[in-house]
Amino acid sequence: MHPEPHDELRVASFRDLDTTTLYEILKLRSEVFVVEQECAYLDPDGRDNEPGTRHLWFAQGKKVRAYLRILSDHGVERIGRVVTAPEARGAGLAGRLITEAITVIGNRPSVLHAQAHLSDFYGRFGYVVNGPEYLEDGIPHVPMIREGSRSAQ
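Numbering-wise (the working numbering), the sequence shown opens with residue 158 and increments by one.
Hints are computed from structural coordinates only; laboratory data are not their basis.
Here the structure is a predicted model, which is why all the values come from computation and not from measurement.
Careful, some of the hints might be misleading.
[Said to hold, decoys possible] Restraint-style ranges between C-beta atoms, simulated for each label pair:
1) Gly232 / Gly203: 14 to 22 angstroms
2) Val285 / Gly263: 27 to 35 angstroms
3) Ile296 / Lys219: 14 to 22 angstroms
4) Gly218 / Pro300: 18 to 26 angstroms
5) Arg172 / His274: 30 to 38 angstroms
6) Thr177 / Ile302: 29 to 37 angstroms
7) Gly218 / Glu304: 23 to 31 angstroms
8) Glu207 / Gly263: 25 to 33 angstroms
9) Asn206 / Asp277: 12 to 20 angstroms
10) Gly295 / Phe171: 17 to 25 angstroms
Ideal placement from N, C-alpha and C gives every residue a C-beta, glycine not left out.
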């Protein structure tokens, strides 16, 4: 008998991504954001390889099933490119990634720009809408923030 495949959490900087993994990440982002959501835009935006960027994903073998990145923006951490492969949806991977991202971010504040229909999802992790709804590539989005906690000194 073979064990059931399971999703492994992985975290890396850009320089630590091998080419196969990078290809799988970019492929998933293009499949969902460009093709499925019909948004023609250049997904590789020059931020994936910034020194402070962390990439988090779940994989089964070499197959990337869910992904997000954390950017360092002038003292505020920015979560973005949250994506789950269609066949992996409903398995809780996005929530597990957000939980891990918050762990990586620690006590620092963080922001994200959520598709408006997902604001309640991000709200479960302490994010609150902090600006007006806007359209990005024809999809309603809202800016959200999670204030960092300050430890007593």
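Hint by hint, which ones does the structure fall short of?
2, 3, 4, 7, 8, 9, 10
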